[in-house]
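Here are the chains, one letter per residue:
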Amino acid sequence: MASFSPSLLKVGWRYLISHPLQTALMLLGIALGVSVAVSVDVANASAARGFELSIEAVTGRSTHYVSGGPSGLAEETYTDLRRAGLEVPMAPILSQMISSPDLGDIPLQLLGIDPFAEEPFRSYLYTNTNGGSMEQMDAFFTIPGAILISTELSEQYGLQPGDAIELNLNGRLLPGLIAGVIEPQDDLSRRALQTIVLADISTVQELSGRLGFIERIDLILPTEQEAGLIAQIEDLLPASAVVLAAEGRNRTVEDLTGAFQTNLAALSMLGLVVGLFLIYNTMTFSVVQRRQSFGTLRALGTTGREIFILVLSEALLVGIIGSLLGVGLGIIFGRGAVELVTQTINDVFYAQTVRGVSIPPSSFIKGALLGLGTTLVAALIPAWEAAKSPPRSTLSRSQLESTLGKLLRTAAILGAAMAVVSAFLLIRIDLNLTASFAGIFGVVIGFALTTPWITQQLMPLVARLLAPIGPLGRMAPREVSNSASRTSPAMAALMVAVAVTIGASLMVGSFRASVIDWLGVILRNDIYVSVAGSNLAEPMVAIAPEAIERINAWPNVEAVHLLRLVQVESPQGPITVSANDNPNDGDEQVFLEGEGTSQQIWEAVKAGAMIISEPLANHLGLGAGDEIRLFTQQGEKAFHIAAVFRDYSSSRGNVTMWLPNYQELWGDEAVTALSVKAAAGTDVDAMVDDMRAELNQIQFLEIRSNLALRSETLVIFDQSFLITNALQLITTAVAFVGVLSAMLSLQLEKQRQMGILKAIGLSQRQVWALTLLETGLIGAIAGLLALPTGYAVAQILLRLINRLSFGWTLQMHLQPEPFIQAMAIAIGAALLAGLYPAYRATQRSAADAMRFD
Amino acid sequence: MASSFVKVENVSKTYSEGEQQHAVLRNANLEIGRGELVALLGASGSGKSTLLNLLSGIDRADSGAIWVDGQNLIAMSEAERTLFRRKHIGFVFQFFNLLPTLTVNENVSLPLELAGAKLKVATGKAAELLDLVGLENRGDSYSDRLSGGEQQRVAIARALVHDPLLVLADEPTGNLDEDTGNQIMDLLEKLTRNAGKNLIMATHNSLNAQRADRIVYLRDGKLVEKAKNG
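Those protein sequences? They're chains A and B, same order as listed.
Note that the working numbering gives residue 1025 to position 468 of the first sequence, counting from 1, and the numbers run on in steps of one.
Note that the working numbering gives residue 278 to position 209 of the second sequence, counting from 1, and the numbers run on in steps of one.
Watch out, some of these pointers could steer you wrong.
Under 7 angstroms between C-beta atoms, here's a sample of chain B residues computed to sit facing chain A [as the list claims (entries may be wrong)]:
| hint | residue |
| --- | --- |
| 1 | THR151 |
| 2 | ASN166 |
| 3 | LEU179 |
| 4 | PRO180 |
| 5 | LEU183 |
| 6 | GLU205 |
| 7 | ARG207 |
| 8 | SER210 |
| 9 | LEU276 |
For the record, the hints were derived by calculation from the structure and aren't laboratory data.
The structure presented is a predicted model; accordingly, all values stated were derived computationally and were not measured.
Glycine residues also receive a C-beta, built at the ideal position from the N, C-alpha and C atoms.
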């Protein structure tokens, strides 16, 4: 291999140094693009790690568990199994979500265990305990409300063994005691114990009022004897109990959050794609600007290959620095993103406390590789063009642009083909989520590739339209068209960013409108009650029977409808059952398919059938007329599905049934939410206030009027899209940097031209006007082309991505706002990007500018 | 000498290069009568282009006064100098300085349009001027498709299209071969003399200088009158 002259490297390095603004913008573009990808990776990894830890902490090494359904298992089931002499490790568990004002009110899992049976399952409990070994701690076994907490929690909240604390269980404040502090021995234990507190199982039974009952029995079954042992154990169990695999319990939740995280990752990649356009833009410009120099180098004997390496090594250098900056920035953004992601997971999926940020080494590597790879890919074409520079560069500007014109046409044909093929695949083929996102990228990038060519076709028309405003009106469109080699990538990048903003805004707007319509149908009563702290969409904590009695007897209450929301076991894993006693519920649902009218469907439900929500129906591939099998207290039972109904409350989905049927089959009388119909003319807000004042003495309850519940639902809805908005904002920022960089590059190249114009009479105001007209046009065209692209993206998000990710389909609610906002963003960003170049152009004297070449 | 049309009074101009100051003009003085053709000679870097830039108002002197048709350019603001230039100055550059993204006709009509003329009037006038410089058929071509001589003809047409009082030419033949240069000089001289305009031309070419009514040397920052053929 021929040696590569160090002087050549100096040519590249000094170019970067002598154009600091251009270099800085390129670094910023790469850094922002990489930072988005890294921050989402960090947020996803932290959330996943938090989830994994809570699973590991609770599941431990158990392979299977005995479940007794919502009512749990009688204690005797455990003792019977113990006495049966099976050589199987087993441990009883009764867990309960709690919080404590003394522990920052964060959601914690109170794990009720039998310390003597625990060791094979959750060995981290057998670590140093301040106050003696666990078995020796009398207080732990004898004092009601005694719990163990980790050293970390104890230090954070200044609690010591012997301290009394208050525990909030199901909306009731109960007395508790710190019996001891556990010193975790490894990182896993430390993090697991951040969200878990331990108590003896009898303590949890007392606190939760479930004396004599346990939730499940964890088992460790050797793989080779698994089938035989399960059969043996099931023989010893009552009909209401069943042996299930531990992994199935968490799979559903993992699937759901996995889709959410794929959505975020896809959005984050978009930042990088926009960054790719930006890097391409800057590298192309740096090559075009130096075509004379490259020609001279060739004349001096430099080979095309050496020029190619020179440009790529510049890109490599910028890529390394930009990626490192991006990784650093990504970690900073990631800390903010963790909170947003966790908040959404909490609101939409399940209660989770993510404490601490996981920064997996793979995030660094992925971020650095993405940044470096993107930079090198973006630099390939410019490097190849530079390598082709003839020894004496005689290419005129108009020849260059005319060569580029042909290239733009080819790119437009390729882009159109890419968009059409991607759209065809999305419509016709059953793609998975990742492939569907690849399809969206195909459509968006396809449209982006057509942008420069369409711009060139439009500009003569624009010039005619703007002709009445004078020569600038004709010059600006022509400048945009004739500067395609400089402005095309920036315009395409801005188009992509704005299109995605339109797509996401339309999707969120349509989703919001669908939710509002849906709430209008399902929320027909005046007051809604659930236990404080339980999930708004899926209240699963039982309301105290005294509170229900009081509400039933409340003056001016016309009707009270009860709801039991609960997870039951099924051959497919846990399934949420929503059982209610509202005789009119059939009319308060939107049925997507069903057997008969809404009244007929609800009559069928009363007779023992179920209706299934759209997400669950999609997830399990079931529809009206099919059957779903669930484990009841009377054993496994098949239920006829009478209809599929629309439901946006949970992407996990549920089956809805008649409450008396549920109570009979599962022997569970608990009620987790209720709605109240007030007599006509009642002041509902006053009734809510009175109920809060009185009932909160029994149990902390969330008592909301119809209006309050709707608005709170929408607040949570909006919160869940905060992370999406943040990512969009960063993508637009990258596009903005792209346009700024393109405009600065253009102004740099056009300094001489601007000098001539000033010399023949262009005033300062006209310099401003010309520059801003050019950038404004770039923004307007990018915005205009983003409208159909954004609409297409929204359709794909609504019809495909939402169904694949969350199981529900949404209808497009076209609103003008996203389109107007997008145009404003595009033009605003472009104008803003034009300010500094325009200022620079006015500051430079015509004489100076003309000296510049 | 006719009554003074251009008057340069004690004009100084210094450029800074880092810490170093480079004085290009030092109390330079010059008077030019209406309708005169003046050749400005001097070594490279002597300040010929600087003087033309000051006379056009593109650049601003550090001290002194520059009067053109009774108006002092140094007392004007940037905006006023732009308006003055737009109306009264025509410029011909060594490297033509045409705008590559405009057609020939558009390049020529631009000064008129910037001064507020209607498009039709401006393009009509541009066509007339292109006719005068012998490029009547090249109006729709882009400037970088023309030869050097043709580009300079376009530049002359552009310099004259708005009927300026003063035409400034900076080495108008410096980038052309001898024959083409002579043709360009014939054209420039004819058009300015016929229209009774002033032409101030910076040049290295002594033959071109001989065409002028007066020759002025720029030496050590001062303007020195030189007798013709002397």
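Here is how each hint holds up against the structure:
1. The closest approach between the C-beta of THR151(B) and any C-beta of chain A is roughly 5 angstroms, which is under the 7 angstroms cut-off, so the hint is satisfied.
2. Checking ASN166(B) against chain A by beta carbon gives a least distance of about 4 angstroms; that is within 7 angstroms, so the hint holds.
3. A hinted interface residue such as LEU179(B) counts as satisfied when its beta carbon comes closer than 7 angstroms to some beta carbon of chain A; here the least separation is about 6 angstroms, so the hint holds.
4. Given the 7 angstroms rule on beta carbons, the hint for PRO180(B) holds: about 5 angstroms separates it from the nearest Cβ of chain A.
5. Here the hint on LEU183(B) is kept, as its CB sits about 5 angstroms from the closest CB of chain A, short of 7 angstroms.
6. With its C-beta approaching chain A no nearer than about 22 angstroms, GLU205(B) sits outside the 7 angstroms limit, and its interface hint is violated.
7. Proximity of ARG207(B) to chain A is violated relative to the hint, the smallest CB-CB distance being about 14 angstroms (cut-off 7 angstroms).
8. For the restraint placing SER210(B) at the interface with chain A, the shortest Cβ-Cβ distance is roughly 10 angstroms, beyond the 7 angstroms limit, so the hint is violated.
9. A cut of 7 angstroms between beta carbons decides the hint on LEU276(B): the least distance to chain A is about 26 angstroms, and the hint is violated.
Taken one by one, the earlier hints fail for this structure at numbers 6, 7, 8 and 9, listed in ascending order.
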